[in-house]
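Protein chains in written order, with the numbering used here: chain F, 1 to 490; chain X, 1 to 175.
Hints in this document: simulated from the structure, not taken from any laboratory. Remember, it's a predicted structure, so these values are computed and weren't measured experimentally. Hints are supplied without guarantee of correctness; some may be wrong.
Said to hold, decoys possible - Restraint ranges, calculated between C-beta atoms of paired labels, are given here:
| hint | chain 1 | residue 1 | chain 2 | residue 2 | range |
| --- | --- | --- | --- | --- | --- |
| 1 | F | P93 | X | G158 | 29 to 35 Å |
| 2 | X | T79 | F | S465 | 39 to 45 Å |
| 3 | X | A137 | F | A20 | 38 to 44 Å |
| 4 | X | Q10 | F | D456 | 27 to 33 Å |
| 5 | F | T85 | X | R78 | 47 to 53 Å |
| 6 | X | Q171 | F | S465 | 57 to 63 Å |
| 7 | X | D102 | F | A276 | 31 to 37 Å |
| 8 | F | P15 | X | A137 | 37 to 43 Å |
| 9 | X | R78 | F | L481 | 38 to 44 Å |
What the hints assert, rightly or not - Calculated lysine-lysine pairs in the PhoX-like style (CA-CA distance at most 25 Å, straight line):
| hint | chain 1 | residue 1 | chain 2 | residue 2 |
| --- | --- | --- | --- | --- |
| 10 | F | K470 | F | K418 |
| 11 | F | K393 | X | K146 |
| 12 | F | K393 | X | K156 |
| 13 | F | K347 | F | K286 |
| 14 | F | K229 | F | K415 |
| 15 | X | K146 | F | K418 |
| 16 | F | K418 | F | K347 |
| 17 | X | K167 | F | K347 |
| 18 | F | K415 | X | K8 |
| 19 | F | K395 | X | K156 |
Beta carbons: idealized from backbone N, C-alpha and C, even for Gly.
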Amino acid sequence: MEHYSVLNLPFDATPAEIRAAYFDAVRKYHPDAQNGEGDGARFIEIQQAYEVLVDGKRRAVYDRSLPESTRETSVTQVGVRYSRTTIHRSGEPQLIYALLDLSCTRKIDPNELPPAHVCVILDRSSSMRGERLDMVRANLIRLIRKLRSTDVLSIVTFSDRAEVLVPPVALSDPARIESVVMGISAGGATEIFQGLDLGFEVFKRYAGRSNFLKHLILITDGHTYGDEKRCYEVAERAAVEGISIHALGIGYEWNDTFLDRLASLSGGNSVYISAAEDLVQFIEQKIQSLSVNYARKSELVLELPEHVTLNYAFRIQPNVSPLEVNFPIQLGPLEYGRNTSVILEFKIDQLQSVEPDQIIASGRVYFEIPSKTIPIERQFIEIKRPVRNTWTKEKTPTAILTAMSRLSLYRLQEKARKEAVAGDIESSSLHLKYLASRFMAQGNQDLARTAMMEADHLQKHQRFSDEGEKDIKYGTRSLFLLPDPELKKL
Amino acid sequence: MIQCPNCKHQELPGALFCSECGTQLVTADTLTSPLANQPIEPLEFDEQESNPTVLPAQGPVVPVKNVVISLHIVNTDRTMYLTGRSEYSLGRIARGQPILPDFDLSEFDAYSQGVSRLHAAIKVQAMRILIMDLGSANGTRVNGQKLVPNVEYPLKSGDLIALGKLKIEFQTSTD
């Protein structure tokens, strides 16, 4: 196997990175720590790769033996925009926002598009019976018909146990898979871990071609009890393997906080299916994004000085979703022709240093590009600003202001939810009413009404309604999909 | 610390929006002296009803009883009265528009005066009345001062509002 890939390194890895990757790999695959089949062989590969790469001369010889394409300059870019041009030297804490734009500068090349392995994990518990299962069946068939003939599909169904309904197959015989899909029947309870774990196994067993895009689509309509933690562990392992989890909740009786976290741990997002159109839209979007995928995963690692904290991270495009603030942060896939944009809120506790510039964070963004011989690319980023002794009023860049105007509403909604859970009904309903005023001000009367009704429900029942919490949350998220307000014409 | 002009919540310097009520705290436009910094005149209340412990001083959307808002379109003999609600949007109705304003100003030649379809909103709160530009194309002015879009500004009786070029005199009275 190719040495860089063995150690998960980019072609331009620095000696320090090579050493760090080697120690990481050794810790995982050392004979003393062995837990999986084939780890022994892997360990030998790691040793060989390290010995070559760490030695400048041997590395140069090895590099020349690799195909020409590996030496091409990378086409991924990471841009940073800031809410302010300067920060303030002060004993008082301050906030600054950074908008990260990941982009691929290359034009789409159809020959480079990797095939996809899509694994659908379907909840077939008894609550799915009837309309819901019919809707899912119809959309699975839509998916089967729209996937390319090079793509691979697998289907796992679960209730309180899980089974592989369709093992990974190339879509050369869609009619046969369709008939299997039509035969799915409902019954039993919901144990998401069962399905998720088996789905993950399906990916691992189908390791034949590693350059696939790997998407796991979880479809459920219910709560899972007691196995949340094990589900998160699967999501974290999935992230390492470059598998992104998209979690679809049908109806109102599912736990959106859980599915959100599950999805964001792996770079995916959660989607609210309140009607059949939502599922159609999701499938269409998925097909579209598979056909323009450049990097199947991107992740962010930052080092922060002691007095700086990363308060919040949120992906505003594509797949709008809050992100887990735990490094590495999974930023999700990168498409040709469309940026992946993430907004970060940093809090700087106090700034007394006499340095003219302050580093707010420094680190790296890693991309995993299945079409390349050496799939890893790495870009360094540095988030820093000049420091001034006085606080100057300045104009905020429109892109950041627009993103934050939406994000501030999303966070207001999060705040109200947290307060309701904590029993602070008064604050929660006050925040809901503020939210309603904001929606109204933006001309979004439906959302305003929903928020007002929810405030009312909250006061009567001391908790959010299953329906209202999701309508408000995903409604606020959908604001990010609106065109920018400054484009509004007379 | 910086203070939210709407709800008086304290935010860290550098914050762009109030985390309590969502008000925009910074300007994308340059505005010399925001009206929001002027002292806010409380509306007149009956002694019994103005108990501040019952009515949150800066609370959202709490309709004021007994206050009638009148909007007199300058250079016409027409006056519109706003009652019974806590929020009114002003604009004009055009074909194929998804969201309609509560008050349609089309008959006052709104289009050629530069009024947007959803131009501004007037909100009645516990202690005050606010106006907010809804991101209109030609902007909203109060007594000649241009408003930052989507930021609320207090109104007092006698203020002159301009939606684009359409001038409206704002008056309040009690029932």
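Hints versus structure:
1. F:P93 <-> X:G158: 29 to 35 Å: 42 Å, violated
2. X:T79 <-> F:S465: 39 to 45 Å: For T79 of chain X and S465 of chain F the Cβ distance comes to about 42 Å; the hint holds.
3. X:A137 <-> F:A20: 38 to 44 Å: Since the Cβ atoms of A137 of chain X and A20 of chain F sit about 55 Å apart, the hinted range of 38 to 44 Å is violated.
4. X:Q10 <-> F:D456: 27 to 33 Å: At roughly 29 Å between Cβ atoms, D456 of chain F and Q10 of chain X fall inside 27 to 33 Å, so the hint holds.
5. F:T85 <-> X:R78: 47 to 53 Å: Once the Cβ atoms are compared, 48 Å apart, the range 47 to 53 Å for R78 of chain X and T85 of chain F holds.
6. X:Q171 <-> F:S465: 57 to 63 Å: 41 Å, violated
7. X:D102 <-> F:A276: 31 to 37 Å: 34 Å, holds
8. F:P15 <-> X:A137: 37 to 43 Å: 58 Å, violated
9. X:R78 <-> F:L481: 38 to 44 Å: Taking Cβ atoms as reference, R78 of chain X and L481 of chain F lie about 40 Å apart, which means the hint holds.
10. F:K470 <-> F:K418: Holds. K470 of chain F to K418 of chain F sits at ~14 Å (cutoff 25 Å).
11. F:K393 <-> X:K146: The given pair, whose Cα atoms are some 18 Å apart, holds under the 25 Å limit.
12. F:K393 <-> X:K156: Answer violated: K393 of chain F to K156 of chain X is near 28 Å, above 25 Å.
13. F:K347 <-> F:K286: 35 Å, violated
14. F:K229 <-> F:K415: 24 Å, holds
15. X:K146 <-> F:K418: Roughly 38 Å separates the two Cα atoms, so the pair is violated.
16. F:K418 <-> F:K347: 21 Å, holds
17. X:K167 <-> F:K347: Roughly 44 Å between the alpha carbons, so the hint for K167 of chain X and K347 of chain F is violated.
18. F:K415 <-> X:K8: 18 Å, holds
19. F:K395 <-> X:K156: Given pair K395 of chain F, K156 of chain X is violated - Cα atoms ~29 Å apart, limit 25 Å.
Checked against the numbered hints above, the structure violates hints 1, 3, 6, 8, 12, 13, 15, 17, 19; every other hint is satisfied.
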